[in-house]
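Order-wise, the sequence lines are chains H and V. With the first letter of the first sequence counted as 1, position 70 gets the number 69 in numbering that gives the first Met the number 0; the numbers rise by one all the way through. With the first letter of the second sequence counted as 1, position 147 gets the number 146 in numbering that gives the first Met the number 0; the numbers rise by one all the way through.
Keep in mind the hints are simulated off the structure, nothing from the lab. All of these numbers come straight from a predicted model, not from anything done at the bench. Beta carbons are placed, not taken as given, at the ideal position from N, Cα and C, and that holds for glycine. Fair warning: there could be bad hints in the mix.
What the hints assert, rightly or not - One side of the interface only, derived from the structure: several residues of chain H facing chain V at Cβ under 8 angstroms:
(1) Thr-192
(2) Val-208
(3) Val-211
(4) Ala-214
(5) Val-262
(6) Gln-268
(7) Pro-272
(8) Leu-295
(9) Asn-296
(10) Ala-299
What the hints assert, rightly or not - In silico SDA-like links for lysine to any residue, alpha-carbon gap of 20 angstroms or less:
(11) V/Lys-328 to V/Glu-340
(12) H/Lys-210 to H/Gly-258
(13) H/Lys-210 to V/Asp-645
(14) H/Lys-210 to V/Tyr-533
(15) V/Lys-102 to V/Pro-161
(16) V/Lys-544 to V/Tyr-533
(17) H/Lys-210 to V/Ala-636
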Amino acid sequence: MNPELQGALDSLGRIVLGKDRQLRLAMACLLARGHLLIEDVPGVGKTTLALALSRVLGLAFQRVQFTSDLLPADILGVSIFERDHGHFRFHPGPIFSQVVLADEINRASPKTQSALLEAMEERQVSVEGATRGLPEPFFVLATQNPADQIGVFPLPESQLDRFLMRLSMGFPPRAAERALLLEEDRRSMLAHTEPVLDPERLLALQAEVGKVVTAPALVDYLLALVEYTRRHSGFKQGLSPRAGLALRRAAQAWALVDGRHSVIPEDVQAVFPAVAGHRLLPVERERGAPTPEAILNAVAIP
Amino acid sequence: MATLPATTTAATYLHTASLLRFLAVMLLVLAPHFARIPWGETLAILAVLAWRAEAGRRRWRMPGKLVRGTLTILAFAGVWWSYGRINGQHAGVALLLIMVALKLTEMDQRRDVMVTVFLLYFVCVTHFLFSQEIWTLAYLLLATVAITATLIEANHAGEPLPPALSLRRGGSLVLQALPLMLLMFVLFPRVPGPLWGLPSDSGASRSGLSDKMSPGDIASLIMSDELAFRVRFDGTVPPPRERYWRGPVFWDFDGREWSEGMPALSQNPVVLEVGGEPLRYEVVLEPHRALWLFAIDVPDPRQLPTESRMAMDGRLLAERVVRERLLYKAVSYPRYRMDGELSDRARRAATRLPRDANPRARALAERWRAQGLDDAAIVQAALSMFRQQEFFYTLKPPLLGRDPVDDFLFETRRGFCEHYSSAFTSLMRAAGIPARVVTGYLGGRKNEVGEHYVVRQSDAHAWSEVWLPDQGWLRVDPTGAVAPNRVEQDLGSALSLEESLPLGLRRSGVDAWARLQASWDLANAQWNRWVLAYGPELQEEILGKIGLTGWRDLMLALTISLATAVGLFGLLAIRRALPARNQDQALAAWRRALKVLARDGLLQHPGEGPRAFASRVAEQRPELALAMRRLVESYLAARYRDAQPDAAALLGLREAARGFAHAARRKRAPT
Chain H
0 MNPELQGALD
10 SLGRIVLGKD
20 RQLRLAMACL
30 LARGHLLIED
40 VPGVGKTTLA
50 LALSRVLGLA
60 FQRVQFTSDL
70 LPADILGVSI
80 FERDHGHFRF
90 HPGPIFSQVV
100 LADEINRASP
110 KTQSALLEAM
120 EERQVSVEGA
130 TRGLPEPFFV
140 LATQNPADQI
150 GVFPLPESQL
160 DRFLMRLSMG
170 FPPRAAERAL
180 LLEEDRRSML
190 AHTEPVLDPE
200 RLLALQAEVG
210 KVVTAPALVD
220 YLLALVEYTR
230 RHSGFKQGLS
240 PRAGLALRRA
250 AQAWALVDGR
260 HSVIPEDVQA
270 VFPAVAGHRL
280 LPVERERGAP
290 TPEAILNAVA
300 IP
Chain V
0 MATLPATTTA
10 ATYLHTASLL
20 RFLAVMLLVL
30 APHFARIPWG
40 ETLAILAVLA
50 WRAEAGRRRW
60 RMPGKLVRGT
70 LTILAFAGVW
80 WSYGRINGQH
90 AGVALLLIMV
100 ALKLTEMDQR
110 RDVMVTVFLL
120 YFVCVTHFLF
130 SQEIWTLAYL
140 LLATVAITAT
150 LIEANHAGEP
160 LPPALSLRRG
170 GSLVLQALPL
180 MLLMFVLFPR
190 VPGPLWGLPS
200 DSGASRSGLS
210 DKMSPGDIAS
220 LIMSDELAFR
230 VRFDGTVPPP
240 RERYWRGPVF
250 WDFDGREWSE
260 GMPALSQNPV
270 VLEVGGEPLR
280 YEVVLEPHRA
290 LWLFAIDVPD
300 PRQLPTESRM
310 AMDGRLLAER
320 VVRERLLYKA
330 VSYPRYRMDG
340 ELSDRARRAA
350 TRLPRDANPR
360 ARALAERWRA
370 QGLDDAAIVQ
380 AALSMFRQQE
390 FFYTLKPPLL
400 GRDPVDDFLF
410 ETRRGFCEHY
420 SSAFTSLMRA
430 AGIPARVVTG
440 YLGGRKNEVG
450 EHYVVRQSDA
460 HAWSEVWLPD
470 QGWLRVDPTG
480 AVAPNRVEQD
490 LGSALSLEES
500 LPLGLRRSGV
510 DAWARLQASW
520 DLANAQWNRW
530 VLAYGPELQE
540 EILGKIGLTG
550 WRDLMLALTI
560 SLATAVGLFG
570 LLAIRRALPA
580 RNQDQALAAW
590 RRALKVLARD
600 GLLQHPGEGP
610 RAFASRVAEQ
620 RPELALAMRR
630 LVESYLAARY
640 RDAQPDAAAL
650 LGLREAARGF
660 AHAARRKRAP
670 T
């Protein structure tokens with residue numbers, strides 16, 4: 000285990016209780032320069048996770064609550080005429096931040112959603128003809144209510160692909176929830192949590208992810224997984240080459256979190272459900288298509 | 000499939016472009032036969048091909064059964080009319096060709112295309128019935144590539160393949176077949192004679208030496224450049240004037256025409272005393288459809304070529320008519336004595352002359368005898384006459400009248416070897432000296448590239464033999480008295496300037512061209528020597544050297560080599576079809592190490608990662624936990640740590656595997 004990252008994860012684990020796996024995946028996602036989608040019911044600690052991440056890693060944090068009347072300018076920013084100076088001045092929106100929590104992203108109109116997603120992909124924003132770079136590192140943590148709730152615009156399939164991972168938090172285990180109830184309020188806990196990493200160190204770690212070795216034997220395993228989803232009749236279409244690249248990068252990041260410089264099959268297995276889950280489209284909902292875990296069981300490690 | 004709708008067009012089973020290519024290949028395969036079959040049939044075949052091409056382009060329907068039946072009957076009739084039979088070499092091939100062409104008129108299913116393609120392969124084989132030259136093989140190999148390309152195209156659904164691609168694939172298939180072909184050629188047991196008996200009508204008219212000689216009836220000798228045989232001398236090569244290749248011997252003379260007369264194989268064996276340095280040589284004889292084998296005077300009767308006999312007049316005879324190239328070895332001695340004693344019958348045959356023919360020649364001989372000359376002196380007198388009087392050597396002699404010897408000796412005095420030997424032998428017989436005409440070849444030209452000698456039909460020669468008491472039969476070449484160059488060098492040098500040889504026979508030419516010809520001749524010689532002459536004897540000799548004797552050994556060797564070849568090919572194919580996992584040494588070592596666990600039912604699931612499996616093992620077999628962890632970590636290091644195979648990590652893994660095996664054994668022992 001990478002000591003710096005272990006320290007960060009320990010710190011996070013004291014705030015977000017009983018969710019070690021999710022925390023690790025979130026960390027890997029951040030290191031892989033990906034964005035994270037958390038799909039869950041309200042009140043399970045999504046915002047706390049985002050806040051804790053930015054705090055522990057020493058990153059600037061902004062939160063945007065998505066509503067159905069939210070406009071792209073509300074996220075990206077707007078130029079306002081300043082009478083005193085006699086010209087327009089750009090007021091950057093909340094997206095100009097290192098960690099952005101896009102809360103309940105599927106409540107906003109598709110237009111606003113796509114403004115956010117484009118910024119995530121390009122890591123820059125074009126407003127009124129000028130291109131403005133977003134800060135580094137840049138990490139979007141979007142939350143989404145389960146699609147069967149009312150009043151939501153589900154993210155289109157092509158947009159879901161923009162998120163490296165999708166997690167679901169789930170209710171905490173009983174012991175964790177007991178501690179949650181016993182101990183002090185998480186928010187005040189956050190206030191006196193010291194950052195474990197700084198942005199420079201984080202950028203260096205992000206650069207290291209790409210150098211984690213993926214041996215030919217491991218690439219064969221990635222291919223076997225991807226090909227399996229393409230051959231399986233339960234999916235409308237299998238994983239795309241981009242999904243394959245995402246899977247590799249996530250596995251590299253996971254290996255780095257684990258303190259290794261080469262990927263082993265378990266790394267792939269650890270990130271596969273989070274990376275592939277939202278990219279695989281079953282032909283019929285909930286019928287016939289195997290779960291990511293079932294895929295992992297079915298595909299032999301070459 | 001059998002009941003395709005009537006509207007089926009070519010395009011549904013063979014694309015039009017493929018059809019046209021198919022027809023072109025067919026033309027290529029049939030073409031060499033066109034010179035051998037009646038021109039009418041050639042035209043008919045071409046017409047069918049042209050019609051099929053047009054029908055394919057315009058999507059015409061194939062003709063009905065009535066039309067096809069009529070055409071078939073007509074084809075049979077035409078072949079019968081041309082040959083008087085429908086089987087045998089020529090007629091059979093002619094029938095096959097027209098039927099292949101007619102097959103096109105009912106080619107409207109893929110199945111028909113296949114049948115036609117296989118017929119084309121068969122037609123390929125029939126070319127060898129007529130020609131077994133190098134170029135035939137080369138041509139037919141190319142044709143085979145083309146047919147195979149057609150086969151590939153016919154089996155290719157959808158858009159037609161580019162011709163270059165199908166040709167390349169066809170070529171590669173043929174190339175793959177070549178080693179097997181060579182193997183079969185070398186190892187398949189040879190039977191004497193051709194594989195199938197060539198029908199007797201083959202090669203009905205061939206030029207060469209004849210069993211008759213009638214010098215007066217030839218106005219112009221057309222010199223043929225055709226090959227008679229090739230010789231390779233083992234050791235000393237005699238000069239051209241000593242290379243008299245003995246062929247047919249003529250005893251009977253009716254005043255105009257010489258013929259063999261004397262039964263070739265009399266009960267009296269020829270008596271020979273031989274001396275001098277023996278000449279050893281190897282002849283590859285072109286088929287001449289006769290029994291004669293040629294040997295330099297005079298072959299050693301104790302070392303005759305296999306399957307040959309010596310006739311009483313000293314010539315060699317094969318046991319069977321020479322219908323295919325024949326390789327034989329012979330030994331000759333330049334000094335010899337033949338027939339020290341002459342039987343009465345032989346003497347009568349060798350002095351017989353028609354009573355009233357050629358009176359002037361007879362008178363001349365009697366005059367010599369009256370002068371008191373003995374036999375040897377009379378021979379010399381005749382030669383002096385040729386040498387000193389106005390006799391000329393020419394290939395365009397005047398025709399001779401009723402008494403050709405008289406006309407030649409006293410009137411025209413122009414002629415070539417046949418005239419001189421005929422006249423000389425007549426004179427000798429008139430003088431009572433036993434004499435006979437010997438025909439054969441003289442000289443032969445060296446192939447500078449291949450160090451062998453080539454004897455052509457233009458080297459044919461006739462000379463005489465006279466029998467003198469105590470000396471036996473002596474060779475006398477009267478042509479040498481007139482044109483010494485013919486004997487010393489070759490034909491071209493014996494002719495006058497205005498009567499030069501046709502271009503092909505001129506021996507002095509541009510050097511490069513001569514060299515090229517020599518090289519080609521050498522290639523042919525080797526081809527004949529090693530491929531066409533590869534019969535039972537040569538096979539036995541060659542394979543005997545590597546310890547294979549007899550049919551059993553041959554069949555065994557053939558079976559083993561074929562099985563090995565097919566087996567290797569199969570293994571290769573299987574290997575290619577298998578995933579590359581066998582090459583992954585780290586994985587192999589890991590799997591080997593885990594076998595000991597498999598005995599206890601502890602198996603790594605297909606989707607189970609090595610670490611996950613290791614922790615499961617550690618749970619179930621706590622005593623192995625440490626060894627297992629070392630094993631899995633060294634396995635991960637060897638297989639996943641580096642992009643390139645890591646030899647050191649592999650060694651580490653093997654060591655860990657040994658340690659694991661050791662631990663597993665130790666812990667199992669007590670239980």
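Open item on the list: Given the hinted pair V/Lys-102 and V/Pro-161, is their Cα-Cα distance within 20 angstroms?
Closed with: violated (26 angstroms)
Open item on the list: Hint validation: H/Thr-192 versus chain V, beta carbon distance must be below 8 angstroms. Holds or violated?
Closed with: Nearest chain V Cβ about 32 angstroms off; hint violated.
TODO: Below or equal to 20 angstroms on CA atoms is what counts here, so check H/Lys-210 against H/Gly-258.
DONE: holds (13 angstroms)
Task: Restraint satisfaction for H/Val-208 [CB to CB of chain V, less than 8 angstroms] - done: violated (16 angstroms)
- [ ] Take the C-alpha atoms of H/Lys-210 and V/Tyr-533, compute the straight-line distance between them, and say whether it is at most 20 angstroms.
- [x] violated (67 angstroms)
- [ ] Below or equal to 20 angstroms on CA atoms is what counts here, so check H/Lys-210 against V/Ala-636.
- [x] holds (16 angstroms)
Open item on the list: What's the verdict on V/Lys-328 and V/Glu-340, does the C-alpha distance respect the 20 angstroms limit or exceed it?
Closed with: At roughly 29 angstroms apart (the allowed maximum being 20 angstroms), V/Glu-340 and V/Lys-328 break the hint.
Task: H/Leu-295 as an interface hint toward chain V, with CB separation required under 8 angstroms - done: Interface hint status for H/Leu-295: holds (5 angstroms vs cutoff 8 angstroms).
- [ ] Would you check whether H/Ala-299 satisfies its interface hint, that is, whether its CB is within less than 8 angstroms of any CB in chain V?
- [x] holds (3 angstroms)
TODO: Given the hint that H/Lys-210 pairs with V/Asp-645, test it: the Cα-Cα distance must not exceed 20 angstroms.
DONE: Measuring from Cα to Cα gives roughly 18 angstroms; hence the hint holds.
Task: Given pair status - V/Tyr-533, V/Lys-544, alpha carbons within 20 angstroms - done: Given that 20 angstroms is the threshold and the Cα spacing comes to 15 angstroms, the pair holds.
Open item on the list: The hint names H/Val-262 as touching chain V; please verify it with the least Cβ-Cβ distance against 8 angstroms.
Closed with: Status holds, d = 6 angstroms.
Of the hints listed earlier, those the structure fails to meet are numbers 1, 2, 3, 7, 11, 14, 15, in rising order.
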